[in-house]
Amino acid sequence: MKYESQNVARLYFTGAMVLFALQIVFGLLGATLYVVPTALPDFLPFSVVRMIHTNALIIWLLMGFFGATYYLLPEEAETELHSPFLAKLQFWLFFGAAVAAVVGYLFGYYDGRSYLEQPMYIKLGIVVVALIFLYNCSMTVLKGRKTVISNILLLGLWGIAVFFLFAFYNPTSIVLDKMFWWWVVHLWVEGVWELVMAAILAFLMIKLTGVDREVIEKWLYVIVGLALFSGILGTGHHYYWIGLPAYWQWIGSVFSALEILPFFAMVIFTFTMVYKGGRDHPNKAALLWSLGCSVMAFFGAGVWGFMHTLAPINEYSHGTQVTAAHAHLAFFGAYAMVNLAMITYAMPQLLKRAPYNQILNMWSFWLMTSGVAFMTFALTFAGVVQTHLERVLGMTYMEVQEQLGLFYWMRLGAGGVVALSVLMFIASVLLPGREAKARRIGLQAAE
Amino acid sequence: MAEHLTKSAARNIFYGGSLFFFVIFVGLVAQSFHYATTVSETDPITPAVAHGKRIWERHACFDCHTLFGEGARFAPELGHVWQRYGGLEDPDGARDRLKDWIKSQPTRVEGRHQMPHFDLSETELDDLVEFLRHASTINTQNWPPKG
Numbered sequence: 024m025k026y027e028s029q030n031v032a033r034l035y036f037t038g039a040m041v042l043f044a045l046q047i048v049f050g051l052l053g054a055t056l057y058v059v060p061t062a063l064p065d066f067l068p069f070s071v072v073r074m075i076h077t078n079a080l081i082i083w084l085l086m087g088f089f090g091a092t093y094y095l096l097p098e099e100a101e102t103e104l105h106s107p108f109l110a111k112l113q114f115w116l117f118f119g120a121a122v123a124a125v126v127g128y129l130f131g132y133y134d135g136r137s138y139l140e141q142p143m144y145i146k147l148g149i150v151v152v153a154l155i156f157l158y159n160c161s162m163t164v165l166k167g168r169k170t171v172i173s174n175i176l177l178l179g180l181w182g183i184a185v186f187f188l189f190a191f192y193n194p195t196s197i198v199l200d201k202m203f204w205w206w207v208v209h210l211w212v213e214g215v216w217e218l219v220m221a222a223i224l225a226f227l228m229i230k231l232t233g234v235d236r237e238v239i240e241k242w243l244y245v246i247v248g249l250a251l252f253s254g255i256l257g258t259g260h261h262y263y264w265i266g267l268p269a270y271w272q273w274i275g276s277v278f279s280a281l282e283i284l285p286f287f288a289m290v291i292f293t294f295t296m297v298y299k300g301g302r303d304h305p306n307k308a309a310l311l312w313s314l315g316c317s318v319m320a321f322f323g324a325g326v327w328g329f330m331h332t333l334a335p336i337n338e339y340s341h342g343t344q345v346t347a348a349h350a351h352l353a354f355f356g357a358y359a360m361v362n363l364a365m366i367t368y369a370m371p372q373l374l375k376r377a378p379y380n381q382i383l384n385m386w387s388f389w390l391m392t393s394g395v396a397f398m399t400f401a402l403t404f405a406g407v408v409q410t411h412l413e414r415v416l417g418m419t420y421m422e423v424q425e426q427l428g429l430f431y432w433m434r435l436g437a438g439g440v441v442a443l444s445v446l447m448f449i450a451s452v453l454l455p456g457r458e459a460k461a462r463r464i465g466l467q468a469a470e
Numbered sequence: 461m462a463e464h465l466t467k468s469a470a471r472n473i474f475y476g477g478s479l480f481f482f483v484i485f486v487g488l489v490a491q492s493f494h495y496a497t498t499v500s501e502t503d504p505i506t507p508a509v510a511h512g513k514r515i516w517e518r519h520a521c522f523d524c525h526t527l528f529g530e531g532a533r534f535a536p537e538l539g540h541v542w543q544r545y546g547g548l549e550d551p552d553g554a555r556d557r558l559k560d561w562i563k564s565q566p567t568r569v570e571g572r573h574q575m576p577h578f579d580l581s582e583t584e585l586d587d588l589v590e591f592l593r594h595a596s597t598i599n600t601q602n603w604p605p606k607g
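Chains as they are written, first to last, in this note's numbering: chain A, 24 to 470; chain B, 461 to 607.
Keep in mind that the hints were calculated from the coordinates and are not lab data.
Model, not experiment: these values are computed from the prediction.
All C-beta atoms, glycine included, are put in the ideal place defined by N, C-alpha and C.
Some clues are possibly wrong.
As the list claims (entries may be wrong) - Label-pair restraints from in silico Cβ distances:
(1) A:V185 / B:F480: 12 to 20 Å
(2) A:W273 / B:P507: 31 to 39 Å
(3) B:H577 / A:Y298: 57 to 65 Å
Extracted from the complex, chain B is given alone in its bound form (with noise of 0.2 Å):
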């Protein structure tokens, strides 16, 4: 190690620096959160988007899927599924496809990746479903590139 650093001034630095980078993160954090507000997340978020929110954490769902590529590499993406399920066209007929599928899991194919069975009732259904909905309008600078 260099002689002419001495030890104090090594602190120094190491507090100086880290206090500094600190508050610059800070400031872009809340520069973001008033980004992530107007700008990214223009879909209101209703009590139903809220409410799926809530099932998604209840269930941990994101122990096995990803949403916008984080959680577990189990499942398939999500933040995709409702555009997937063509509710882009028809909103009614993509709801009933993605409440199906969940209600009919586990599929118990020998070989295939299981999902549990979720007690649901149809209003929890509904709101998850809007959720994931309310997930795919999100501006997510075009991530993901395909799939």
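In isolation and in its complexed conformation, chain A is listed as follows (with noise of 0.2 Å):
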């Protein structure tokens, strides 16, 4: 770590592994509510529950993207942050609002659409933080050293607020309603914070490997190219059965198809760059989480979005618990994950630490991959005979949820592995490792 308003960053590490944890805590909860339906009180109805689940996701995963950036900006631009003062308001203000949201999901106050439920108060509250951080980022970069990665993270950075606008463009035609919503929730995961994904992993892989940066900045163009091609009109996979015309089945079926793509480059990316570059860098695990996420979100992008994404197929798997595996492995793998390598990169830098309890971190990665993988494999088990069962034999929904109730104890099972490994990872990144351990392997790190 070169410059001091880096450490603003902690404060958004910290608040995201918050986030995580409340969203892990509603993830068990709702996954409970599948096999036991009475087991909470009326106050915390399934509905409730996923909201809260999804918006600490997405809020976790959003607050981690902005430390990363306020990490990597001063050291890419190679000058201080514009304001750290502004970066420390706009954490409080966001982590409040959150709060604020979450308290307010409990007493009933939402309103909107999935993943929107916000309050309009809130929402705009949320424009106000992103604002603050792409006037703050934005003269950072202006005043330093521009590179590849900068722009490329600015640039997502920039999509991902100007496409929650239409988060306020809500038609009182149902079709028209959700053919917009798609351009915050895809154009958003499917399109610009891949932007940021990408962005991030080069720079961890400049960091770790010493690659040269020429080299590893021509590969973020062609990944990032290949995201945007592909994810533009991808979204037309979204388009099939809402009302909108049939030419959406092809277009979104072959460019859709071709999204596995950029994950597929990031794999030969992270991997051509670990055996290419000569750097023995001491923290094993943000190298483990960098391949790691590389790995898995080439699986729960690419290969779960693939799976269900051409429109023959989509018309029996769409709206069945298929969906919600690949949703479960995609998040997993190329979000959390990125995050959680930029984490156990960053913080052991921002805590004056070498990296240190760095086998349990690594026991978490194991754990967590493994738990996420086998929820997935049951949610994909009881999506396909749902979708046999519903779709093609016709049985009724609730005829048919009976039949799935092992899968849905297994995701449970598979969710308290999860848990455990969350808290071990937080364990890992916030609590001291044993000292003398810590001066050991300090005086190995060559950098």
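Each chain sits in its own coordinate frame; assemble them with the hints.
Pasting the structure below:
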């Protein structure tokens, strides 16, 4: 860590982990309701549990992106942040809005559409937070060195803010509502978020492998090019059955099938860089998360996405647990893991420790990855059975649910494992390692 | 990475290509906007339908149910609930049955997914059902195949 103002990232990473834990708690509650539907009191129906689960996820991922940006921007721009004060103010506004939203949800204050349940004043608060952030980051880059990584990162972050504005456009037509809802949801996670993810991975590759920046930046352009060339028209795979023209079945199928390419490129990229790189960086855990991120994103977003993206298949699988399976592995592999990689890399530096508790951190990696993978398999099997019984044989929804209990129990069990691994991760990052061990590894570290 | 691809060429391909695909996308969405309002959603969006949609949003119905396959998967798809309740043959009966169902929740039957009790007035219930009836008229390219 070379710049004092990078320290603001610590706040963001800590806040992200708090909300990560909250997301998992409500994930467990939701999974419980699938197997014991009367387990929770009336003020916690499934709808409220789900909105806290999904909103906490989105907010902690964004908080991680903000933290990652504040950490890497000074090193890329070779200058202090424009205003560390604004960065701290922005954090507390954002964290405050998140807490207010969650407490409000518990008391029935929500309004909107899926993932966008925040009441209007919270949505406006998010816009203020985004404006502060973009102003602060853009000013930092303008006065310093402009690199490809910071340009792509900022383009992604500006895109996040711009497409969020469609959260304010809610037509009375349900068809138009759905069409533009995807401008937020799809153009985020299958569009501009990929820019942020690729930029963070590129930064980590430079730091961890020592490969020449020129090489990494060229890769970065190729990856984000593949992401947007496939992802923009790939939005069409959400337009098959919501009252839009049939041509989307062709456009959506062809382009969204190509959405696997940027993720495949990221796997090749990370492994090639590590293979070529001469640096033996002491933070092995950060490297493990970075490689794991590209691999799990490839399977979750790429393979599991492709599995049900072609219109003739999607006609049957749409709106079943197949979608839920894909969503869990894709969010985890692509966006949770890139954040955990960055947190694992940056936190030891921010806390002025050598990168320690590596063993615990790596155990959490394997446990979390296995847990989410098992959860994904369970939901995939549930989804395939559901697709057949409901969409081929024509059984009713509730009859089919009764057949799926075993899979839902397996999902809950996997969720328990994930919860344990999340606690291990948080402990490994925040708690000091054993001093002696830290010193020993610290002496070996060459950097 | 291939030697003949320079960084500035990669940059130009990225920015130019992205803009190109985005322009095509915006054009198609504009055409779809027109299609949605003239072809697929021909049943008029009355004030009751619009109000019903607001109730759907205000109570986060989509956080359990799917509509046209979108939403949560904790409760049944509602795109054709109007037909399932016999709305085509007996609209008044279907409306009453749907309202009674909503009013009778939660069932508290062990092992069965629970729907919360919502404090809705008669007008609100009417409008919500009207929104679901309206949704059932939309041309979804014959989705779902069954169920």
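Consistency of the hints with the structure:
no.	hint	verdict
1	A:V185 / B:F480: 12 to 20 Å	holds (18 Å)
2	A:W273 / B:P507: 31 to 39 Å	holds (37 Å)
3	B:H577 / A:Y298: 57 to 65 Å	holds (60 Å)
The structure shown violates none of the earlier numbered hints.
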